[in-house]
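Below, each chain spelled out in residue letters.
There are 2 protein chains.
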Amino acid sequence: MKLLEDRIRKEGVVKPGNVLKVDGFLNHQMDVGLFNEMGKEFKRLFADCPVNKILTIEASGIGIACIVAQHFNVPVVFAKKTQSINIDGDVYTCKIESYTHKRTYDVIVSKKYINKDDHILIIDDFLANGCAVNGLIELIQSAGATVEGVGIAVEKGQQPGGKLLRNQGIRVESLAIIDSMDDQTGEIIFR
Amino acid sequence: MKLLEDRIRKEGVVKPGNVLKVDGFLNHQMDVGLFNEMGKEFKRLFADCPVNKILTIEASGIGIACIVAQHFNVPVVFAKKTQSINIDGDVYTCKIESYTHKRTYDVIVSKKYINKDDHILIIDDFLANGCAVNGLIELIQSAGATVEGVGIAVEKGQQPGGKLLRNQGIRVESLAIIDSMDDQTGEIIFR
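Protein chains in written order, with this note's numbering: chain A, 2 to 192; chain Z, 2 to 192.
Hints should not be assumed to be uniformly reliable.
If chains are identical, the list can't say which one is meant, so a pair holds when it fits in one copy or spans any two.
Stated by the list, open to error - Here are the simulated DSBU-like cross-link-like pairs (lysine-lysine), alpha carbons at most 30 angstroms apart as the crow flies: (1) Lys82 / Lys112; (2) Lys82 / Lys16; (3) Lys44 / Lys16; (4) Lys82 / Lys103; (5) Lys112 / Lys3; (6) Lys164 / Lys22; (7) Lys113 / Lys3; (8) Lys41 / Lys113; (9) Lys22 / Lys82; (10) Lys96 / Lys82; (11) Lys22 / Lys113; (12) Lys3 / Lys117; (13) Lys11 / Lys117; (14) Lys11 / Lys96; (15) Lys113 / Lys16.
I should point out that these hints are in silico values taken from the structure, not numbers from a laboratory.
In isolation and in its complexed conformation, chain A is listed as follows (with noise of 0.2 angstroms):
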């Protein structure tokens, strides 16, 4: 999607360690305009996908979510990182490791918001080793719940996360693929 390219080209920052900041319009200060064109483009993508629910993972994944979710006319359930104690106990669960904090959460789904009838959209801000993406799809497969697909804002190419999960035949779609970043440079390439 050139719109999102052109914007991380233009204010993302290459930082040592593989890391590009983007907080000043996707997970942290968030253009809810361009959230809107995307979620465009994704409606656009799984058009022929019988969506009725977006799962996404707190925090940075939500507000994208949720602009997407008008163009899909469907719920948006997010799934929380720790324990809290307004989840009744009836939750599907799963460990996610976290690339950016370099810890292990519980990520855990109240029962009662998926269903074996679902048909769900996962959408996520980043795709890197696919980890926090696998955990959504352990949650979805232990509620017999169909994933329709995953939709990606900017996917680092460079790890493994797209491809582990193409190849096990999920279909992932991200606006924005980067091939390669130098962070002395702080050119990006995007496939």
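Once you've looked at the hints, dock chain Z against the given chain A.
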């Protein structure tokens, strides 16, 4: 806002300990159509305010804030609850005690995304003791920016947060204010 009150009456569950569960449409599964109506109402209520940014806090404020932001045509910034290695060291910080989770969080916002020229509307899902909103106000004041007001989905009127904020001269608009609720009968009385 009658639409929200009706939805709370219909689907909200009152639990012992003054807990209202609205996770079917507000803060776990999210009804973005309802959020859109809430956004229209916040825009109507704050129509006279020169809002140029919305500030919220992860996680459950983000979805509402993003949909509301479409009605103001402004970006959203969300305060983060833990130090992230992807955030520059240059942050405003405060401590927020969570009523729900019975713990204290360090909360941060990058200095890049709040500055003295900003006129900020705070959006959050719940207002109870006001700890989160007071923390966000502290962050805004650290930046020398202006708090235009606070927009809340559900205020627990039995708890002091709303009154304390209004007594400080902060404009608080809550779409549903609960005067009392009974975990035996499930009855919820709105102000």
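Hints and how they fare:
Taking CA atoms no more than 30 angstroms apart as the test, Lys82 paired with Lys112 passes in both settings, with 15 angstroms inside one copy and 26 angstroms between copies. With identical chains, the CA atoms of Lys82 and Lys16 are at most 30 angstroms apart both within one copy (26 angstroms) and between copies (22 angstroms). For the identical chains of this complex, Lys44 and Lys16 are neighbours neither inside a copy (32 angstroms) nor across copies (38 angstroms), given an alpha-carbon limit of 30 angstroms. Proximity of Lys82 and Lys103 under a CA criterion of 30 angstroms is satisfied in both settings, with 14 angstroms inside one chain copy and 16 angstroms between copies.
In this assembly of identical chains, the alpha carbons of Lys112 and Lys3 lie at most 30 angstroms apart only when taken from different copies (29 angstroms versus 38 angstroms within one copy). Proximity of Lys164 to Lys22 under the C-alpha cut-off of 30 angstroms is restricted to the intra-copy arrangement: shortest distance 22 angstroms within a copy versus 39 angstroms between copies. Proximity of Lys113 and Lys3 under a CA criterion of 30 angstroms is satisfied inter-copy only: 25 angstroms between copies versus 38 angstroms inside one chain copy. For a Cα distance limit of 30 angstroms, the shortest separation of Lys41 from Lys113 qualifies both inside one copy, at 29 angstroms, and across copies, at 29 angstroms.
Taking the shortest alpha-carbon separations for Lys22 and Lys82, both the intra-copy value of 22 angstroms and the inter-copy value of 18 angstroms come in at or below 30 angstroms. Both within a single protomer and between protomers do Lys96 and Lys82 lie at most 30 angstroms apart by alpha-carbon distance, with minima of 9 angstroms and 20 angstroms respectively. With identical chains, the CA atoms of Lys22 and Lys113 are at most 30 angstroms apart between copies only, with a shortest distance of 13 angstroms across copies and 35 angstroms within one. For the homomeric pair Lys3 and Lys117, neither the shortest alpha-carbon distance inside one copy (36 angstroms) nor that between copies (33 angstroms) is at most 30 angstroms.
For a Cα distance limit of 30 angstroms, the shortest separation of Lys11 from Lys117 across copies, 24 angstroms, qualifies, whereas the shortest one inside one copy, 43 angstroms, does not. When the C-alpha separation of Lys11 and Lys96 is checked against a cutoff of 30 angstroms, the pair qualifies neither within a copy, at 35 angstroms, nor between copies, at 34 angstroms. When the C-alpha separation of Lys113 and Lys16 is checked against a cutoff of 30 angstroms, the pair qualifies only between copies, where the shortest distance is 17 angstroms, while the shortest distance within a copy is 41 angstroms.
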